[in-house]
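Go by the hints and put chain B onto chain A.
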Amino acid sequence: MMKDDLGQASLDFLAGVIIFMGSLIMIIQFIPGIFTPFQTEVTDLNSVAYRTGVLLLEDPGWWSNTSTNTSGTDWENHLNNTQRVGLASVDAANKTTPNVLNKKKVEKFANISKDNLTEFLGLYRNISGYQLEYGYNISLFYLDGGLLKINDTNITAGYPIPATQDIAKIERLVMVDTGEISVANGNLSGQPPANKKVQINYTHLQDRDFKIIITSFNITTPPGPPAELNWVQVVPGSGILKGSDGLVIKLNGTTMVSPTFNSDDNTPDIKFYNQNDEFELILSKNLFTIGQTYTIEIKFSRIDLNYGVMIFNNLPKLVFYDRGKLTIEVWQ
Amino acid sequence: MNDKGQMHTLEGLAAAVLVITTVMFITRATVVVTPQIELALDAQLKQYSNDALTIVDSEPVGMNLTKYVAAWNGIEANISLQVPDGMMDLDNDLSAIMPDNIAYNVDFVYWNNSLKTTHVIVHGVPPDNSITASRLVTLHSTDLKSSYWNGTGITDLNPRVVEVRLISWYI
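If you read the sequences in order, they're chains A and B. Counting with the numbering used here, you get residues 1 to 332 for the letters of the first sequence. Counting with the numbering used here, you get residues 1 to 171 for the letters of the second sequence.
These are computed hints drawn from the structure, not numbers from a lab.
Facing chain A, a subset of chain B residues (Cβ under 7 Å, in silico):
no., residue
1, THR9
2, LEU13
3, ALA16
4, ILE20
5, THR27
6, ALA43
7, GLN47
8, ASP51
9, THR54
10, ILE55
11, SER58
12, LEU144
Listed below are the simulated DSS-like cross-link pairs for lysine-lysine, each with C-alpha atoms no more than 27 Å apart in a straight line:
no., chain 1, residue 1, chain 2, residue 2
13, A, LYS108, A, LYS325
14, B, LYS46, A, LYS95
15, A, LYS149, A, LYS114
16, A, LYS285, B, LYS67
17, A, LYS250, B, LYS67
18, B, LYS67, A, LYS271
19, A, LYS103, A, LYS169
20, A, LYS169, A, LYS108
21, B, LYS116, B, LYS46
22, A, LYS325, A, LYS103
23, B, LYS46, A, LYS325
24, A, LYS325, B, LYS67
25, A, LYS103, B, LYS46
26, A, LYS169, B, LYS46
27, B, LYS67, A, LYS95
28, A, LYS325, A, LYS95
29, B, LYS67, A, LYS211
A virtual CB, placed ideally from N, CA and C, is assigned to each residue, including glycine.
Extracted from the complex, chain A is given alone in its bound form (with noise of 0.2 Å):
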């Protein structure tokens, strides 16, 4: 072999070490991903949104006032003292209604600070001492879609829903109490006995079909004629109402067909018999503008009315629950 002693490195070898080296350095860079699949990663996202939804659907809450030796559940009057957060209301006799929230807890925990809520909610772990949140976003919303406000307050707390990361979401459903409370307000249009109104003041402050129920009615000398209803009509409005303009009759649960309306008493009406007969009037929002008061009248024959005195007796405080979900959502 002729011995090559000139010292320089052939383009063969250096071609050679090039690729080496350069596949070498790529190899090692991606060592440390090989082991990527078993870095911890949160794996109980799913669990804490469940617990996070139970908690706060199926729990008053809780404060304690250890210096005055004071506790309860309605945290939402002593925000100082708060243990424990909770949406669900309690009845008089003490009793949590599940699912059923109450207007002032979720009122309050509209404004609660997120340092603070991550507490009363437990929505953190705590790894060596070391106290890492969850991020989160709990929401409440129409069942339709829009944010649910109570007293122009948007019932959202936490933080913006990040756009990176993986979230796990509970959605729940729930009643709120709005507040809207309206009392109908029998009041005799000071008529003679045979054109008997009752006439109920409304406001409409909310986009809902408006319900008037009445039960418990005082009708006289059964087994008489039967008491009649014989229309319905809205002031501001346009006359009296028919089954067309958004008005539903129901006696005793079931739906009464297409009713029809004239301003006599002959034509066919709703009649009812009993004490205990429960009528519902379902009138459409449609019929109404947002923010405008109405006058709503409904003229009944055959019913012992008292001139000045309300004649429906034990009339039922009328809560409009709105129906809407409580959406959870739970990120790292």
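Showing chain B alone in chain A's frame:
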């Protein structure tokens, strides 16, 4: 015979690229799967169904679940008669509450000389991954009932407990 032991450059390059690409492909293909997605979907569906029954039952004025059950007139539903007359209102209520991508059936289970499981609202045949939620209502003698229930002998001492089953699935 060629016993020089050198590799040609181009062949060497091709071989190196081939080996590296194979190794990269293999290592990047490993993925750790945490099979929790299906559990989460089931849990969400169960929550929807339970919540829907709770909401219908908690209605303070007007029709609640007890009154809907009491208004049932005994007609069984099937694929051709999906919603019998007395159940239209309950069906409208439930479809307003439940999200649009969920279909449901409703069954009543009660005792009338024998245990009866009756389909009351049918919107389809439930597939394998459907979820059932139940709620119990009690019919007393003082409740306003349909003629069907009145004929089953509900007295003051014998109230009737009816289990309302909501079977739901994603569509």
